[in-house]
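Below are the chains, spelled out letter by letter.
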Amino acid sequence: MAILEIRDVTSGYGEVQILWGTSLSMEEGRLTSLVGANGAGKTTLLRTVMGSIKPWQGSVWFNGQDISHLPTHAKAEMGVVLVPEGRQLFTDMSVEENLEMGASPKRARAHVARNLERVYEMFPRLKERRAQKSGTMSGGEQQMLAVARGIMAEPIVLMIDELSLGLAPVLVLDLFQSLKKLKDAGLTMMLVEQNVQMALAISDYGYVLAQGRVEIDGPSRELAENEHVRSAYLGH
Amino acid sequence: MSSPNDTQLAATDTKTGLSAVLAQNAGSFVGLILPVAIILALTIWPTITGKDITRESIFTIMLSIALASSLNILLGYTGYVSFGHVVFFGLGGYVGFYLMAVQGWSLWLAMPMGGLAAGLLAFLLGKAILRLRGGYFALATIGVNEAMRAFINNFKPFGGPVGMTLNFQVYKDYGGAARALSLAFYILAALTLLIVIISYLVRTSKFGLGLLAIREDEDAAEVMGVVAPSAKTWAYVLSAILPGIIGVLFFFKNGSIEPVPAFRLNFSIEMIVMVMLGGQGTVLGPIIGGVGYQSLRGFLLTSPLFKNIQLAVAGALLLVIVLFVPAGLVGWLRNRFPALRRVLQ
Amino acid sequence: GGGTTAEPAAQPAANDAAAPAADQPADTEAAAPAATTETMVIGFTASQTGSQNVASTGQVNGLNLWKDTVNAAGGIELPNGTKVMVEFVSYDDESNTDRVQELYTRLATEDNANFLISPYSSGLTAAAAVIAEQYGKVMITTGAASDDTYKQGLTMVYQAYTPASRYLTGAVDLLEHVDANAKNIAFVYENSKFSTDVVEAARQYAEGKGYNVVLAEGYDPETTDFGPFINKIQDAKPDAIMGGGHFQDGSTFARQLNEKNIGVSFFALLVAPPEPDFADLGEAAVGVVGPSQWELQAAFTPESATAAGLDWYGLLGEEFVQGYEAKYDGTEPSYHAAGGYAAGLILEKAIIDAGSTDPDAVRQALEAMNLLTFFGHIQFDTTAEAHGLQTGHSMVYIQWQKDASGNLVKEVVWPLEGATAETLYPAP
Amino acid sequence: MDFLLTSILDGLLLGFVYGLAAMGLTLIWGVMNVINLSHGPIISLGMFGVYLLFSGLGINPYVALIFVAIFGLLLGIVIYFVAVNRVINAPHLSTLLATFSVAMIITGLGTAVFSASPRNVDYSLGSFTLGSATIPINRIVAAALSMLITAGLYIYLRRTRSGRYIRAVANNRNAAELMGVPSVRILALSFGIGTMLATVAGGLIATLFPFTILAGGTYELKSFVIGVLGGLGNPVGALLGGLILGVLEGIIPTFMPATWVPVIEFILFVLILMVRPQGLFGAKKS
Amino acid sequence: MILQLEGVSKNFGGLRALSDVTFDLPEGQILGLIGPNGAGKTTLFNSISGVYTPTEGRVIFRGQDVTRNKPYEMAKLGMARTHQIVRPLNELTVRENVIAGSCFGREGHGLKAAGKIADEVLEFVGLAPRSDQLAGSLNVGQKKRLEMARALAARPYLLLLDEVLAGLNPSEIGHMVDIVRSIRDQGVTIIMIEHVMKAVMSVSDRLLVLDYGSQIAEGTPHDVANDPKVIEAYLGDPDLALRLMRDETRA
Ligand SMILES: Nc1ncnc2c1ncn2[C@@H]1O[C@H](COP(=O)(O)OP(=O)(O)OP(=O)(O)O)[C@@H](O)[C@H]1O
Ligand SMILES: Nc1ncnc2c1ncn2[C@@H]1O[C@H](COP(=O)(O)OP(=O)(O)OP(=O)(O)O)[C@@H](O)[C@H]1O
Ligand SMILES: [Mg+2]
Ligand SMILES: [Mg+2]
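Protein chains in written order, with the working numbering: chain A, 1011 to 1246; chain B, 185 to 529; chain C, 517 to 944; chain D, 14 to 299; chain E, 34 to 284.
Just so you know, these hints were derived from the structure itself, not from any lab. You may find that some hints are simply not true.
To be verified - For lysine-lysine, the following BS3-like pairs were computed, each having C-alpha atoms within a straight-line distance of at most 25 Å: (1) B/Lys356 - C/Lys725; (2) B/Lys311 - E/Lys109; (3) E/Lys262 - E/Lys231; (4) A/Lys1191 - A/Lys1143.
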């Protein structure tokens, strides 16, 4: 069953249209990846889903409910959580306070301690620096914090924009494995990832976005072998 | 202040155009046409109507334009909010007034000295408090203004709390009170024109680009090679000199000077309001803001319908403007009429 | 341009848009007399907003009462039978100088004011005076007490009040009178043009009489906490405290002095004590001395005028108080209110003496004026050095005391000729 | 020596009230990055609130404070929605203009209704004597209440969820929304609390000193200074800043004419800023 | 040698973010700077470019001791850098951003000349179509390119690139790598922080590896990539991991 569905969405900034009738759906318990060139509109799509920018047309459905016009915070409260591009940390607050902020939705409040443990295990560096002001962390550390903060929200659907951005290779591997575990625990996820090869390697289903439209979609394995995808996004 | 990401979503085109100016009309001064035209129109208007009251009303407006335009160099271009900008008006006024009233200097010599004093103060302050960022700088300028007022209050040569009064006979040297008042008006008009041109030149110069860079992100600007400490200091000095000169002119015309009116904090805030109202960081903004704000206040003060609650009505009108035209009138016009961008600098 | 006095009443009505028509009782219009009637316009700014609002309001109330009285009588009657009705145009100067000159220019040129009244404070008056001079408009000042203003070569400005230099000198005389052994005075006063002028003069006067000034401290106009000053006073152990500034700071000072209970025998304050509201202080008011421009108790009458060899003009003090209380819901007039009325009265008399509203004629009348009114003696300095300075009028000094039944009453204690009670000394 | 002690004591007691007066301003500034120019007029409204309840209805001033606090909270929320919400994300400083307009409205209407004549809440709890110093009990109560409110606010901001939300929204509104925080409500609440603090401070001041509708302006100015000394957005800092200011005002006059107080005070203030650009107790902002 | 570091250390409170970093950089080379997250790479850039003053040690740029220089002094001396967390001048246009880079950089051009340079550079990094857009309205990838353009417009001797490839997809990375190479070919020395291994390996003449603030390896890409310390601390075993993951997803 599709837990999150985007139907014919158009949107943009001011007068500039970026999305031209984009549709995609995410199956429950699966990992979907969204790839596409720089400026294709991936981030814009996620922002539209969250309501940071309003869809001009079309609708967003969650669990069979039209959530197109709910405010952002209400969506987060329902379990639709985004780890945004550019991290968007609370730079003046400590690492741990950031994580606590992640646990703002009511559904997450009961399990703060358990979840803290979980993310600290995933990213030991964060535990080491729990009292550091997040704005002074290194780029990669900030990325870890952003992902960890998303997990703290106990999402039903977790969308991560640029998962591996700025992370050291060894950490990317660890992270992919952690996400795998989350998926096994039943979390539905959407990854926006520049490392197309890896993204398609760990995901179940993939969408390729080009100029605000879905260009190709299909099971990840098929996409990985698709000639067009290989030449345009994998660099061979 | 706000993180760069916040502005990303709300970014609207309010302050572009420098490169447009550079590309399309380097060397020509299209953006200067409107500001200069407005100042000239205001200057000759009293002659056309032949009424002294027109001259006096425009004096108030012109004073505001000049002060707001000066402040804009710091506030609009450099992004530093000076709450205490009136300190330059007051100090310049005091120094000049002292020279005229006590030392018998002429207005012509006293004015540059007032400007010099203000510029010097700004230079010293620049070394000291321009290191502060955001709100802390704004607060420090309040501190400077209050310290200066309190100091003058205790400074006997300047008359302490009593201030100083200009002997009425002084006006005789300028052809009597009537001539002196109209002379003051034309001097002010010339000064206003000067500051508007300076403002334009700064806006379209390399120096100005450095200031804008500082406004947007001072650390990044320094990494790019903008020598922020000195650029800020000179912007501060530039924005202080004219208020210093005008202070002398204003109190010369006023006939007396006292600490409270010379260093009235609310006046500083009104300057900021005028800059914001017109559109900060533009040449035209402070002009429109000054004309708009002061005509509104002037109208309400003397309107039989509103004069008893003029302050509240002015506040309400201002609020409406702020809410619906937050980027200032020039920003709004630029967005509304993109074709006019080159003219609306 | 000068006053266009010969024009018919219709002329000022044309600029009625800017006049507070609502202030004018409707029946005065109806009572238009048969003889020639002119209307003259008097312009002024008042501090409807800003710090000077209270005193300024009293003054404007006094002026309005005068206007109503004149108009109810059909106008000022000139010797030639012409009646001159009075109309006011006023604006809010917000208690600051920015627009004073603009507004006075408007009054002088657009509103065609024949005469001007000053704003309330000395600073604003100095700025307005420049305009009055430029347009050759006579300006009567009330409130603007600083001597300095009149020493700047002005020719059109006439002061109704006793100038600042003579506000507190009488208090020094009073102190000498009640206690020959008192030697030490502390001056604690508001750091403003007016109060500083007053205290400077009083201080010189006191030192001339051999007093020691053990403390001289200014405080900021907005001061609400007098703790530091009271501590210093306590430390300096003076026999008398003199000073103050305006109503708010003065009454606060008195209250806190009482709370701190440091015991001084003589306490004289500017401006605040004569205000009827000062009684709200209760116990803290008892014993406080204050100079007043006008008190009902210090009655001036046609008889006292004759005795002093002066002309008498206008109504009696009681009549003023009655009129005022009737018009303003029983509010007791302060001396600012009386000052406002007096300003009108001075102008009225000068116009009658001049026989017209011609500014030059009125000026001449003012130069020659030597008059007793309910407000007191009015005479102006006519020398070039201090032209327009009030020389006739002088202060009376009041003290708050308790009557037999324990109620607070204001008694005049100085000068002795006008005194209604003995000075309470030492103050409790 | 006695003289000095008395002065310090006076200054300290006054400092508590200064601190409280500043707290609302620095909260709104530090947390929302809004320079609230209507702070002074709102303090005045607090004064008049207590005055009207006390003189008009005979309610004990300290009880009246409760009503004034509720009024302040609601007023703040109303001001937020009417004047601030629309421009909170608009360019730099638009909120300053908006609050300036609100200040004009309040002052204009206030002067029209109440005039600028001084009022006074005639309610004294008496005083007691300590050595040579006489201390009015009103001041002690005011100081105690100020401390209590500071502590409460500190705990609220640091230890409660909605306090954390306030700081988070201030720091990155967009991110807070993404975390499920209703940012508009939180901002309105912050503004309400800041305004509430201002009215309560006004109400307390009214039990100590006479005031006019313009009296808030003085406290607004002091609040600016205190905000810097204490670091913007930090309630404990504001209280300490207030105490420093109060003590300075108590002590300086013992050494020199009191008119020099502001000169020394503001020069010191600028010096402190030069040494510690983020204020005495402010954490460094990134 | 264009740049020499002698025992550079930087502490943040109790945290030693850099400890005793020493190396020489010959002119005309590309030095790759790699290491785990939080290893101190960006801190090293900050210490070189004058944003931070090193706690200990000396920085020598073109024979001149610049340890205590301010950032703008470094810019004038011919050093330019990009920021890992982008810092565009939001309310200026893209073109104005780049003009500023040129005006205040080493050559200190006037506005007119700077405009010309800006146009060239924008073309070069592929932002020309967005010249007149406000920098704040670019997306992160575009902002990265803007950072690059701004630094290039300064015509520096030494260019510090902090993760300019992050957020680009493989084919875009290929394009950017070409750009970096051609900059080097114009004689500009480059230090490049990067986590995209394939790219950094192929483009760097030498690699320097930091871990917990210390140099743990230095040498040719080939040597470094096969250094067990580096593999353990930084690279992991990519092939193994990939295979593992793929098998599990299919199961
Ligand atoms: N705040 C904004 N205002 C205006 N235009 C914007 C804004 N943010 C992004 N854009 C534009 O929208 C287009 C799509 O950007 P988006 O960020 O959605 O792409 P993306 O697929 O996420 O790219 P990337 O891989 O670089 O993250 C770009 O052309 C960009 O310039
Ligand atoms: N201003 C600061 N205050 C405190 N700690 C800091 C500060 N700046 C950096 N750090 C810490 O110093 C360490 C080195 O940071 P740096 O940014 O140099 O790492 P990096 O190697 O660039 O990492 P990444 O690859 O993640 O960008 C990090 O652990 C970081 O948290
Ligand atoms: Mg993106
Ligand atoms: Mg880094």
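Right, here's what the structure says about each hint:
1. For the given pair, B/Lys356 sits about 41 Å from C/Lys725 by alpha-carbon distance, which is inconsistent with the 25 Å threshold.
2. For the hint pairing B/Lys311 with E/Lys109, the CA-to-CA distance comes to about 22 Å; that is within 25 Å, so the pair holds.
3. For the given pair, E/Lys262 sits about 18 Å from E/Lys231 by alpha-carbon distance, which is consistent with the 25 Å threshold.
4. Straight-line distance between C-alpha atoms of A/Lys1191 and A/Lys1143 comes to about 29 Å, which puts the hinted pair past the 25 Å bound.
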